[in-house]
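Sequences listed follow chains A and B, in order. In case it helps, the numbering used here puts the first sequence at residues 11 to 342. In case it helps, the numbering used here puts the second sequence at residues 546 to 1209.
Note that these hints are calculated values from the structure, not bench results. Ideal Cβ positions, reconstructed from N, Cα and C, are used throughout, including at glycine. Warning: the hint list may mix true and false statements.
Unchecked claim - Residues on chain B that point at chain A, a partial pick, calculated with CB under 10 Å:
(1) ASN1134
(2) CYS1136
(3) TYR1150
(4) MET1157
(5) VAL1164
(6) ALA1180
(7) ASN1197
(8) ALA1202
(9) ASP1205
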Amino acid sequence: MQKITREQLIDKASKLLSNGTVSCVLGWKLGDFDYDVTPAVFNTVEELNEGFVFNDFCGANFSKYLVAKTGKVDGKILVFLKPCDTYSFNQLLTEHRFDREKVYAVGIPCEGMADIAKVKAICGEGVLAIGTDGEKMTVATLYSDEPALIDAKDVLAERCENCKSKKHVAYDELLGEEGDVIESNRFDEVAKLEAMSADERFAFWQNELSRCIRCNACRDACPACTCEKCVFDNPTSGVENKSPANSFEEKLFHIIRAYHVAGRCTDCGECSRVCPQNIPLHLLNRKFIKDMNEFYGEYQAGAEVGMRAPLVDYTTEDLEPGEVFDRRDTDA
Amino acid sequence: MQRVGVFVCWCGSNIAGTVDVEAVSEALKNEPGVVFSTNYQYMCSQAGQDMIKEAVKEHNLTGIVVCSCSPRMHEATFRKTAAAAGLNPYMVEIANIREQCSWVHKDILTGTEKAIILGKAAIAKVNLNAPLTPGESPVTKRALVIGGGIAGIQTALDIADAGFPVDIVEKKPTIGGKMAQLDKTFPTLDCAACILTPKMVDVAQNDKIRIFSYSEVTDVQGFVGNFEVTIKKNARFVKEDICTGCGACVEKCPMKKNPNEFNLGMDNRPAIYIPFAQAVPKVATIDPNACTMLKKGKCGLCSKVCTAGAIDYTQKDEYLQEKYGAIVVATGFNPISMDKFDEFAYSQSKDVITSLEFERLTNAAGPSAGKLIRPSDGKHPHTIVFVQCVGSRCDACAQKGKEYCSKICCMYTAKHAMLTRDKYPDTEVYVFYIDVRTPGKNFDEFYRRAVEEYGVKYIKGMVGKVTPEGDKLKVQASDLIANKQLHIDADLVVLAAAIEPDKSARPLATMLTASMDTNDFFTEAHPKLKPVESPTAGVFLSGACQGPKDIPETVSQAGAAASKVIGLLCKDKLTGNPCVANSNELMCNGCSACANVCPYGAISYEDKEFRMPDRTTKVRRVASVNPAVCQGCGACTVTCPSGAMDLKGFANLQIMAEVDAICK
Chain A
11 MQKITREQLI
21 DKASKLLSNG
31 TVSCVLGWKL
41 GDFDYDVTPA
51 VFNTVEELNE
61 GFVFNDFCGA
71 NFSKYLVAKT
81 GKVDGKILVF
91 LKPCDTYSFN
101 QLLTEHRFDR
111 EKVYAVGIPC
121 EGMADIAKVK
131 AICGEGVLAI
141 GTDGEKMTVA
151 TLYSDEPALI
161 DAKDVLAERC
171 ENCKSKKHVA
181 YDELLGEEGD
191 VIESNRFDEV
201 AKLEAMSADE
211 RFAFWQNELS
221 RCIRCNACRD
231 ACPACTCEKC
241 VFDNPTSGVE
251 NKSPANSFEE
261 KLFHIIRAYH
271 VAGRCTDCGE
281 CSRVCPQNIP
291 LHLLNRKFIK
301 DMNEFYGEYQ
311 AGAEVGMRAP
321 LVDYTTEDLE
331 PGEVFDRRDT
341 DA
Chain B
546 MQRVGVFVCW
556 CGSNIAGTVD
566 VEAVSEALKN
576 EPGVVFSTNY
586 QYMCSQAGQD
596 MIKEAVKEHN
606 LTGIVVCSCS
616 PRMHEATFRK
626 TAAAAGLNPY
636 MVEIANIREQ
646 CSWVHKDILT
656 GTEKAIILGK
666 AAIAKVNLNA
676 PLTPGESPVT
686 KRALVIGGGI
696 AGIQTALDIA
706 DAGFPVDIVE
716 KKPTIGGKMA
726 QLDKTFPTLD
736 CAACILTPKM
746 VDVAQNDKIR
756 IFSYSEVTDV
766 QGFVGNFEVT
776 IKKNARFVKE
786 DICTGCGACV
796 EKCPMKKNPN
806 EFNLGMDNRP
816 AIYIPFAQAV
826 PKVATIDPNA
836 CTMLKKGKCG
846 LCSKVCTAGA
856 IDYTQKDEYL
866 QEKYGAIVVA
876 TGFNPISMDK
886 FDEFAYSQSK
896 DVITSLEFER
906 LTNAAGPSAG
916 KLIRPSDGKH
926 PHTIVFVQCV
936 GSRCDACAQK
946 GKEYCSKICC
956 MYTAKHAMLT
966 RDKYPDTEVY
976 VFYIDVRTPG
986 KNFDEFYRRA
996 VEEYGVKYIK
1006 GMVGKVTPEG
1016 DKLKVQASDL
1026 IANKQLHIDA
1036 DLVVLAAAIE
1046 PDKSARPLAT
1056 MLTASMDTND
1066 FFTEAHPKLK
1076 PVESPTAGVF
1086 LSGACQGPKD
1096 IPETVSQAGA
1106 AASKVIGLLC
1116 KDKLTGNPCV
1126 ANSNELMCNG
1136 CSACANVCPY
1146 GAISYEDKEF
1156 RMPDRTTKVR
1166 RVASVNPAVC
1176 QGCGACTVTC
1186 PSGAMDLKGF
1196 ANLQIMAEVD
1206 AICK
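Could you build the full structure based on these sequences and the hints that come with them?
Here it is as structure tokens:
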């Protein structure tokens, strides 16, 4: 379904590796299954030809990997960025988290990535192999003789159904054409939650977050979570507590994390993609984004390097608390 | 583990009246770390302090919790006590069981319960306290006074008198302010100019004082003792050092029809002007909006007649960077606009004027050369109605005017009424008032003289409506004491407009990070005990920028502000506040979030080499705080995503420990 092929990407990477522009490549390699694609570093053309893959399951956002990798590599790193990844890329640059000089970013077009949970919902468990056939996807399972033929559009990940932008906001080189920012319906889900009563909403999150096993995958994949020392790993922070003491503390981790990334979250959706329990974690962050848009005007984290998020900015024009207090009547 | 001593104060009956102090000291005995707990009638007394010192020695205390009044009152006292006993003064915590407890509770049971909880919180905090040492910073021995009215002039003269250099920044072309516009001053009726202009000359002649007239402060950086201020000198198109103030240019300027600001637009001035005869500096200024040479490049007459060659049409705004140890705000006041008070027909008739306009009308140097006339036809008015409290003491819901009393109007109206009756006994003078407020030396005697000796008709009641009809002003009013409606045909109506802080005060407060109240008056550090200090260290307040004031009050406050500045400038070094932010470099991401929210510019970044767990080294960008600039506001600590930024003395863990202790 992707417009760009594995061969094109290998070709590009091989050229850049051979002519010395870059010294390594951040790409994807297969895991145990076709849908189980993992980020990997490729140092030679041979390694690329052998292991590099690109398919509908290459959702990983590589921006975060640059934080650790740029400090360790001599020369430049080639990174392939989908449009949504470029926002995280800019946000990390804003926060001075990696050296731009050490990166060669190639923007690649994205037609939306597939969600294996949706595939399994249609085809059942025991998926053996997944192939593409134009707009269709072939899924072979343990329990059927013939591979099922499903519509790729039906198994799009939620974040891709509500894709907010096909525009690359950062790159050194772009494969394919320049895209546009899209009018998405990504806040509809949040609006639904807002429409609930407090009790209903609490029940909703209780139901979702009680499944959390605190594997920390969301934090580890989140491009906004790049702290040298995470508060949850810091014994002196007072919140380093691996197992929740009660059902409310199950929520605390996610609420604290949502606050920590507020204003910096680009809504890339990695948290929900990597969650083994399929908790829609992105909704927490999206609620923050929606609120910020409504309170302070539209703000897209990572749209440009050097932007200041409304919650963590200070200017001399800022209102004094007294003025805000005075304005409460006129604005209401 | 700390060894904590708890000292519960009765504050006479202030605390002991609603809090069982015995029960509090008993309950806190068993808290973690506490090795000694007692209570005493007045902990702040010498005997109480000695008790603390002895307990420190006897029980080897490492931390002290005093359950007493607000730390704003006696924190400094107990810190000194701790220091005298050999402890670090920052090992003292105060639990405020007076303002936050005994004074707000009536019931002794709830009062006692809350006092115990607040005590527990303070103990939890002191258990995590660490000794702190304040840093030192040098003092720039020069003061800045913003505003050149009587407040600024007096402050500058007093500071200069002590031997320190002072700069005055005044946005108008001359110093003098509102007082220069006044005629006589109450209650002695001496002429304002006669007492002000000698002071203005003193300022001009004092070699310690520099005047930046026609200038504004555009930026303030730094902190107490070390302010860096940008001053914008607006282009006046006249070379200040060459102009002799002869006035030949003013005579010859053909563009004569521009409203004269000094006379509140009641007459005209040329495009090049000197505001008044005694102006300091006596230098001409060209109004760029009126001058045809500046607008169209034609004319140049002033340049031709200037024998000194002072005219410079190419002059540009100039920005100066200056350093100061202290800043005095003396931005003064203005009468409010009469736009929202159309019932008095201010916009409809020239004969409805404000009191400041009346001052100019009766001033010998004013538009009518001191003759009291109606501005519309130049005739002598026979019936004058003064309306007090126009825009003062207004209802908050009315959305117009000010809630506060402007304080000076009662007295100047009495003065106007008396002077009118004195000079023109054929004039009938009415004063409508809500209350006549005359608390001041010789003030009430003055007002009574106006009524009793000069026959001014004081009527309690407000004017409801003024309607211009023919050459008369129909005044409709109520007499509350006689309980009847009055209709007066007046020739002149004078409105005692409320006064408000100058518009330049709000942006200035932002630059200075000095706080203001909702009326844009600067807030003092303490309404009774620190009336001339702003809460921002090194920023002082003089005159009406802090609240409505008459001249005697302004001058005494100006002197008080000056003495505070002198006290500051006398010091060679300032001891800083040790409760400042501190970045844990091992945890810092270098993301700049803290620097972006720091209102004081106290945070910078440096690249540092770190040893990594795998024995490699890595260069990372990390934040570092300038402790001399940091004010300890804590904005950075709540912004930092990793928790690397923390406030000494108010660490996140300490605050959490307090919250935990309260919630237990």
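Checked hints:
| no. | hint | verdict |
| --- | --- | --- |
| 1 | ASN1134 | 6 Å, holds |
| 2 | CYS1136 | 4 Å, holds |
| 3 | TYR1150 | 8 Å, holds |
| 4 | MET1157 | 9 Å, holds |
| 5 | VAL1164 | 8 Å, holds |
| 6 | ALA1180 | 7 Å, holds |
| 7 | ASN1197 | 7 Å, holds |
| 8 | ALA1202 | 9 Å, holds |
| 9 | ASP1205 | 9 Å, holds |
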